[in-house]
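Participant: In case you want the letters, here they are:
2 protein chains.
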Amino acid sequence: MKQVNVGLLGYGVVGKGIADILEANHQLIAQRTGVDIRVTKALVKDLDEVQEKPPHIEITVDPYAIFDDSSIDIVVEVMGGYEPARTFSIEAMKRGKHVVTANKACIAAHYCDLLAAAQENGVSYLFEGSVAGGIPIVRAIRDSLTANNVRSISGIINGTANYILSKMTDEKISFYEALAQAQKLGYAEVDPTFDIEGIDASHKIFILALLSWGVELDFNAIYTEGISNISPIDIELARELNNKIKLLAIAKECDGDIDIRVHPTMVGEDHPLYSVDGVFNAVYLEGDYLGPAMFYGQGAGRYPTGSAVVSDIIEIARDMACDIAGKRIQPFGYHTLRKARIVSIEEIHSAFYIRFTVKDTVGVLRDISRILSEHGISIASAIQKERGIQADDSVPFVIITHEARGYDILLSIREIERLDFCTEPPVMIRVED
Amino acid sequence: MKQVNVGLLGYGVVGKGIADILEANHQLIAQRTGVDIRVTKALVKDLDEVQEKPPHIEITVDPYAIFDDSSIDIVVEVMGGYEPARTFSIEAMKRGKHVVTANKACIAAHYCDLLAAAQENGVSYLFEGSVAGGIPIVRAIRDSLTANNVRSISGIINGTANYILSKMTDEKISFYEALAQAQKLGYAEVDPTFDIEGIDASHKIFILALLSWGVELDFNAIYTEGISNISPIDIELARELNNKIKLLAIAKECDGDIDIRVHPTMVGEDHPLYSVDGVFNAVYLEGDYLGPAMFYGQGAGRYPTGSAVVSDIIEIARDMACDIAGKRIQPFGYHTLRKARIVSIEEIHSAFYIRFTVKDTVGVLRDISRILSEHGISIASAIQKERGIQADDSVPFVIITHEARGYDILLSIREIERLDFCTEPPVMIRVED
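Protein chains in written order, with the working numbering: chain A, 68 to 500; chain B, 68 to 500.
Hints in this document: simulated from the structure, not taken from any laboratory. Treat the hints with caution; some may be incorrect.
With a cut-off of at most 30 Å between alpha-carbon atoms, the simulated DSS-like pairs for lysine-lysine come out as follows [what the hints assert, rightly or not]:
#1 B:Lys-112 / A:Lys-161
#2 B:Lys-394 / A:Lys-69
#3 B:Lys-112 / B:Lys-161
#4 A:Lys-394 / B:Lys-161
Given these sequences and hints, build the entire structure.
Facilitator: This is the structure in structure tokens:
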């Protein structure tokens, strides 16, 4: 039986998971691939960080012990971060090694370089583990939805943010209390910025957009808004409206341009993502012929992500058995990518939830609705709460608009917040059907 | 650009859908494959059945006009039924043509012959459209969950049965009223036997089991129970228990044997399949490393099924571009299949809902619980309804058991139904957590 050797760059949570899976399910994987796949080397920063020395794996601090080892066929980059992940991946590809990664940040920042290295060296570059952990959404778009123009994608693709929002909803606690719980359980990192500010989700939706439309996009043009400003008042008001607040990553094709963004979003109880709670992830999408579909599962963790990475290793091993690894399919499933423009968030139409904090006086609804109407915005519903929710004698006054342009909403909010009765800056959250 | 020609066996609902998709998304598919894919011929039974002659497709009544056409690379069998589907598929493969199908009945009955023909002739045999329509569950198991021992699969994979049960639940109507509505809307065929008796679902779960475990199974040993005996009383009692009755197809691996069955099942509101209603399908599964995952979408119809079939055509076209079509992967994702035993339904443990119809006398609970207890069955809850639900003065008496062996349940029911107070045969429905 042909042997395929794997070198791991990184032997942390996911790296160890990959080694565990390849060992525990070694025979099953051999039956599926006809190939004997083994991890032979693993790169670490410091030899002392490895508590238990794995018996069949050589641990090294020298990346070139992996790059220059001609017996290694596949290099798995699970170090995280931008560098040296990018350089190491390219070094490995230059030496004819196939590369598998779960590092979304590195792909989002450096996909052009990484793609070029894969093509120039005729090797595979696969990244199923980079989006939504164990959910096989990368391969679904690249291989299974290929008959379709993907119309739209909405995903809950950051488990940390979803856990925090679920906790805030279920236990009526503040963002910081929920974050502390998430950190205690290991669901949030000590520096949680990437997760709670939506950056991780924007890396992932960027990858899904490339796969769906074969487009080159400017990552920095993605509108990204996190959840650290979400207050319990809005969670509670959402509940009264039979809605939940979720951090959604959204991408849609609009006449060749791409609407792509990450922001807190109110979703109603009929929305397929409404009941995706805790650390679970889900991707809901629509294809022109497929119609709607949803993929649900564990979005992170040693074994779900390990399962995805190993599926990529197996794909390469199956291709290697036919001597066509790196030749059969392009990393994003398109032969060439086209440049596409990202639609500005201000141009995007949606319904909006807007919470004003107002002194409880006559004429609030009249003045607000006049200004909205001057900007062409119509109100679907309004709720005025009685006093006592806020510390002072202000009250929340909430409106849900019909579909309106982001720019018009911004202009009207700026105008309304200058009115005397507004005591705090308004809060605005987009609403998805 | 290399041209790949497709011949359709069958130009009905799905056949026409495939031709439509390949024409409408021709350019997109070329960008994804680097190949120009066209339907050039279609086989029909009778030339008069084609209302609108498609401009670029030659319609024929002679299958050999397709088999013997050396310009045709891929034959798509969408005729349905066992024969001549089997013979035609094998004839095509003998002539070196790759075959794609959506015909689950033919696969379930003849997979050995079909697999042998694919292997002997070195061609691809793909069937993504055969299970759950547009949901890419075949490729998910074959290519994406490959690192995992699949632990269990539960699916709502017959849209007709799910539509009927959803209607019965929502509108409190009888099975036959709901069936008539389904037929009126085209969701059920004139002869609905395959759908309502669970046979179609058993074809599909059989295919998923082969993919998951690489096993040869005796299709006829699958326990298959349909929904035609489900009464509105049980639907209503299920609702009172916060349950719904769903036709589930279930497969689990049990120490090398396979537990595989199709039957009406009560699922609680926390079950991931609880909210899958109407014609939608979903497959929920667990892998040892992946954990739980769910795939949801449209399980039938011209375009969802067409989307799946075209994804198989694209896979073959991508492989053809590397000259490895038929060589890269085995149809079920395993190099060899092993024979496995199907666990008898009587050996299977689960919780049970049992509805007795009893005369409202003293000692009912005492006698029933004594007999159950003698068979080692413990009661989780019991509900006795007041008079007036049944036409006579009988009342339904319902118990939910803790986990128990099917055989013990059968023995106790036989004993209990001989008691004087039982006025009708008991009704038994399995309960899944």
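Participant: Now, for every hint given, state plainly whether the structure supports it.
Facilitator: Okay, the hints, checked on the actual structure:
1. B:Lys-112 / A:Lys-161: The hint is violated at about 56 Å.
2. B:Lys-394 / A:Lys-69: holds, 16 Å
3. B:Lys-112 / B:Lys-161: Distance of about 22 Å is within 30 Å: holds.
4. A:Lys-394 / B:Lys-161: Cα-Cα ~28 Å, so holds.
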